[in-house]
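A.B. asks: Residue-level listing of the chains:
2 protein chains.
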Amino acid sequence: MKQILIHEVGPRDGLQAEAGVVPTEVKLDWIRRVADSGVDIVQVGSFVRGDKMPQMADTDDLFRILAKESHRAVLSGLVLNEKGLERALEVGVQLICMGVSASDTHSRKNTGMSTEDATRRIIATALEGKQAGRTVQVSVQSAFGCGFEGAIDEARVMDIVSAYLEAGLTSISLADTAGHAHPGQVRRYVQKVLELDPTVEVTAHIHDTYGLGMASVYAAMEAGAKAIETSFGGLGGCPFTKVAAGNVATEDLVHGLQRTGKRLDIDLATLIGVSKDVARYFGRDLPGCVYKTGAILEKRTESATDEHR
Amino acid sequence: MKQILIHEVGPRDGLQAEAGVVPTEVKLDWIRRVADSGVDIVQVGSFVRGDKMPQMADTDDLFRILAKESHRAVLSGLVLNEKGLERALEVGVQLICMGVSASDTHSRKNTGMSTEDATRRIIATALEGKQAGRTVQVSVQSAFGCGFEGAIDEARVMDIVSAYLEAGLTSISLADTAGHAHPGQVRRYVQKVLELDPTVEVTAHIHDTYGLGMASVYAAMEAGAKAIETSFGGLGGCPFTKVAAGNVATEDLVHGLQRTGKRLDIDLATLIGVSKDVARYFGRDLPGCVYKTGAILEKRTESATDEHR
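Going down the list, the protein sequences come from chains A and B. Residue numbers for the first sequence follow this note's numbering, so the first one is 1 and each next one is one higher. Residue numbers for the second sequence follow this note's numbering, so the first one is 1001 and each next one is one higher.
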C-alpha cells in the first residue's frame, strides 16, 4: 500500500452540514491545529454564496487570515462555479477542489444543470484554475449511489473520469456523497480509474451512512488510492435526519494507519484534541471512536506483512 | 468470497456488558425474532455463575423454553468450564462455544489460570462436549491485542490454534476482545489458520472499539473466514467507559452483504426492528447505523465482480 495522504475536510464538509454557523475564530483554532498536526491537506471552506450557505460565508476571510501564516498542511477550498473560482484565485487558494455529480437529479438540484452540462462547465473552470497556476482536484460526486436516484450506472461515473483525463485533469476524487458505497464497489472503481491511467492521483471521499465507511476506505487504499478525505470526529451529514453521516473520522483512520507503522509523522494527540473540542462545541457525541477511547497504549507497530495489499 | 454465516451474539456478549438485567421475556422476544430472521446462529447466553453475572443468570431457563420451540437458527451457548458444560448438556445446547485468552493477564483474571493451563482445560472440556454429541466451537480471546497487556505475540495465538487442531477441534473463532485488531492483522491471522488447516471453519469476532471493526470483518471475509460474530445494533462493550465497544452491528453487516447480492435470505427488516427495540429498551443510541437509517432503497445488487476477493 502506498503512503496514504490525509485530506481533512471537516471544516468544510463537516461544518456545512451543521445548522449553526461556527464563528471564524473557532474555525481558525481547529484549522490551525489540524493544519500543523501532520495531515497533508485541510479543506478550509467552500466558495459558495454566503446567503445560500451562511456556514461557509467566512471562507474568503479564513483564507486571507491563513495566507499570512505558515502551516504544515496545504489548504484547499471547494469551488462550485466560475464566480467561486474568481474568489478562490483572489484569496490565493493553492489547491482548488471542484466536482460534478454523476446523478442527474443531484446535479440539477445543486447546479440547475444536467451532469453532462455540469461536466463541461466544471472542466472549463478547472482548466482556468490550472492556467492560473493552481493545483486542481476534480471529483465525481454520488459516484457510488445517490440518495435521490439510488444506484448510479458505473459507466456514467467512468465517462466523467474519462472526460477529466482527456482534459488533463489527473487528480480525481471519487465521492460517496450519500454513503452508498460498499468495499467491493470502491475497490473496483479505484482499480478501473487506475486502469484508465495509472498516473491518476485517486482520492476516496466516503461517508459512513451505513456502517461500511472504514471498510470502503481500506478497500480504496488497497486498490491504490493515494489520498483519503476524512472529517474530524466523523462530523458531517445532517444531525437532524439519521439518514446521512459524515466522512470517516480523521483520527480513526490515522490511528489505524499508525497501527501498521504508517503516518507516524502525524500527531494523533492533536487530532484527538481537536475532535474532542468539536464534539464539545456541538454538545453531542460524534461518530468517531478514537477521540473517545484514546489511542491504543502499546505503540508496537506491525510488520510489513500487515500492509493492506 | 464464501457464503458468510452470521452468528448473532448480542443476547450474550451484548447483554452481559449492560449494568441492568434484561427480563427473560424481553430476551426471548429478541432472540426468537433474530432466530427466525435467517441468521444462522444465535448465542442465547453464557453458562457462568448467576451470582457472578446476573445478566446471564437465566441462560438455562432460556434454553429450556427455546428447546420446546422451533426456530430457523441454531442456538449457541457460551461455556467457561466443566460446570458450565454440565449445564449446557443438561439443557440440550447443540452448539457449545468455549475459549481461552491468548493474554496471560486476561486469562488469569477470567479463569485464575495461565493461558497454557486454561488451554489444556478448555480442550478437555471441548472434547467432552463433542463426545456428548454436541458441536463445539473454540475461540482464542484477545487474539489481536489485550486491554491489559497491549500487543499479544502472534506465535501465542497460533500455538493455541495448533493445540485446538491437534485435538481435532476445527471450528475456531479468533476473538478481538479488546478491539485492537486492524484489517491487515486480521487478514494475516485468518490466512495463517487456513494455512495450518484449510478445512478449519474460521469465525471472526471483532469489537469496534477504535473504528476498524467493519474493515477488519471485511478483511476476515476476504481472507476466507466462514462466519462472523455480530451483535444487534452493535450492542456491547461497557456503556460507562468509552474504551470498549460492541461487536460490529448485525444489521450493518447483513445490509453490506445484501448490497452485493449475498444473504438475501436474511430478513433485514426483522433485524432492524429488533435493534430498534434494543436501543429503545436501553434508552440510548447504539453504534449500529442501518437500524437508524434504514436500508438503501434501491435493491439492485452488484455483479459478481464486486465480491470481496
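Just so you know, the hints here were simulated from the structure itself, not pulled from any lab data. In this text the structure is predicted, and so the values were computed from the model without any measurement. Heads up, some of the hints might be wrong.
Partial list, derived from the structure: chain B residues whose beta carbon lies under 10 angstroms from chain A [what the hints assert, rightly or not]:
| hint | residue |
| --- | --- |
| 1 | E1082 |
| 2 | S1171 |
| 3 | T1209 |
| 4 | G1224 |
| 5 | G1234 |
| 6 | A1245 |
The C-beta atom is built at its ideal place from N, Cα and C for all residues, glycine as well.
A.B. asks: Run every hint past the structure and note whether it holds.
C.D. replies: For each hint, the structure was consulted:
Violation of the interface hint for B:E1082 is found here, the shortest Cβ-Cβ separation to chain A being roughly 34 angstroms, above the 10 angstroms cut-off. Taking 10 angstroms as the C-beta cut-off, the interface hint given for B:S1171 is violated, the closest approach to chain A being about 25 angstroms. Checking B:T1209 against chain A by beta carbon gives a least distance of about 6 angstroms; that is within 10 angstroms, so the hint holds. Interface restraint check: B:G1224 against chain A, minimum CB-CB distance 15 angstroms, threshold 10 angstroms, status violated.
Interface hint at B:G1234: satisfied, since its Cβ lies 8 angstroms from the closest Cβ of chain A, which is below the 10 angstroms cut-off. For B:A1245, the suggested interface contact is upheld, since its CB lies about 7 angstroms from the closest CB of chain A, less than 10 angstroms.
Figure legend: structure checked against the earlier numbered hints; hints not met, in rising order: 1, 2, 4.
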